[in-house]
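Novice: Starting from the structure of chain Z, add chain R where the hints point.
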Amino acid sequence: MTRSTLPDDSTMLIHAYLDGELDPANALEVERRMTADPALAAEYKRAEALQRLMRERLPREAAPDALRARVEALGGTKRPRIQPSRQPSWRALAASIAVTAMVAGGGAWIARGPQAQDTVRDAVVAGHVRALMASQPVDIISGDQHTVKPWFSGRIPAAPRVVDLAKQDFPLAGGRLDVVELKAVPTLVYRHRQHLISLTAVPAASAADTAPALRKADGYNILRWTEGETTYWAISDLGAGDLGRFVELFRSGAPEQ
Amino acid sequence: MVIVSMPAGRRVSTEADLPGDHLRIVSDQAPRQNENSDMARDDDDSARFAAAVLPHLDDAYTLARWITGNAADAEDVVQEASLRAFRSIGSFSGANARAWVLTIVRNTAYTWLRKNRPAALVTVEDLEAIENARTIPGDPGAETPETALIAETDAARLAAAIAALPSPFRETLVLRDLQGLDYREIAAVTGVPVGTVMSRLARGRSRLIATLGRTEA
Chain Z
8 MTRSTLPDDS TMLIHAYLDG ELDPANALEV ERRMTADPAL AAEYKRAEAL
58 QRLMRERLPR EAAPDALRAR VEALGGTKRP RIQPSRQPSW RALAASIAVT
108 AMVAGGGAWI ARGPQAQDTV RDAVVAGHVR ALMASQPVDI ISGDQHTVKP
158 WFSGRIPAAP RVVDLAKQDF PLAGGRLDVV ELKAVPTLVY RHRQHLISLT
208 AVPAASAADT APALRKADGY NILRWTEGET TYWAISDLGA GDLGRFVELF
258 RSGAPEQ
Chain R
2 MVIVSMPAGR RVSTEADLPG DHLRIVSDQA PRQNENSDMA RDDDDSARFA
52 AAVLPHLDDA YTLARWITGN AADAEDVVQE ASLRAFRSIG SFSGANARAW
102 VLTIVRNTAY TWLRKNRPAA LVTVEDLEAI ENARTIPGDP GAETPETALI
152 AETDAARLAA AIAALPSPFR ETLVLRDLQG LDYREIAAVT GVPVGTVMSR
202 LARGRSRLIA TLGRTEA
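Residue numbers (the working numbering), protein chains in the order written: chain Z, 8 to 264; chain R, 2 to 218.
What the hints contain is simulated information worked out from the structure, not anything from laboratory work. A quick note: this is a predicted structure, and the numbers were derived from the prediction, not measured. There's no promise every hint is true.
[To be verified] Some, not all, of what chain R presents toward chain Z, calculated at C-beta under 10 angstroms:
hint: 1; residue: Tyr62
hint: 2; residue: Asp74
hint: 3; residue: Leu174
hint: 4; residue: Val193
hint: 5; residue: Met199
hint: 6; residue: Leu202
Beta carbons: idealized from backbone N, C-alpha and C, even for Gly.
Okay, chain Z solo, but in the shape it has when bound (with noise of 0.2 angstroms):
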């Protein structure tokens, strides 16, 4: 049944096999053949003990500290004139960003403080971070307020206000449910240049108005202000100021009904 297209090379094939790079008709094709010769059997037993061999015995190298401190010179002082592209696709978008939330987010659970009113703003970062590890930073993808309601009003009790603020260049990427304390909570996510903004939405613990107030958890600024029964936590590598004019932005909004 396995109208093979595969080239007559066996002794090849059992090394894409072992790389898991075979479809799976080619995959039982192969293991048909391994079974039915014992030496390409044995030739398969070999590069698997070499392929074991390489990546455990040969510890992967460290960059030179100096060498890594001269590149990231390079990337910190000069700065020439090269314009990036001006939009930016969504894959890029994530990509580019994903590997710095990765990396500063690693701190958020190393770095983490005893106290427990962190434990929210823990949560908030883990789940800004762990979104822009995915494939996809959103459950939900869309730039429209009405598609995005809807998605969280099936899914939790209270959909989260939404602001239209694509005209102030802060357009709806999309929104995903986090967990903050074991409760699922609306997350918002706003798009600036190539930032990505959480705006995530946890029941207030009490009821007092405040207004938003700036931190800093591992590179990324934070803005957490409460209206009426919500608080709300906006979260970007964007700079304090844009994040900042976000938020008013946000707070002086009309709620999209």
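Specialist: Chain R in isolation, oriented as in the chain Z frame:
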């Protein structure tokens, strides 16, 4: 040249499994780059460069070291490659930073070798002969060591055997088995069809197995 002085305790890692020094360096750097929003555009380039290149610097250095065969050359190559990457960060699509970085490193390494170590390069004729050669285990006289013998090889001997491979096999094996790229990524980095990646891996591994199977001196 044999690479034996590698730091202990490190291992081959996947992309999602970055060693701790990356964590520290990039997270220290992020706030500094994000604080000044007036310079956001330049910072975007710098931040994109940092995000794309710095996490893969160890991989870049490892590949350069295996291609050039020594540490000092590898440093020169990675430095030069980083400069190239920085200049072209504006045209980087954002997808698969590691493959992008490794492609630049590889191309820089061969340019560098052509200029500074022409004797180390495999010529096109050599390459054709290598590609067309029969896979070693197909030869009746080829060594077929026991699996257990392979598994007991020490790091220095393994490194020497890899270093002795012709560079097309060597780079393909390093990208696959040390750096964990898939065939499609390796094809992109080395600029050959996926089928060639497959045959180079098969032949490279067969050669290594044969070498390791030879009686130890």
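Novice: Hint by hint, which ones does this structure get wrong, listed from lowest number up?
Specialist: 2, 4
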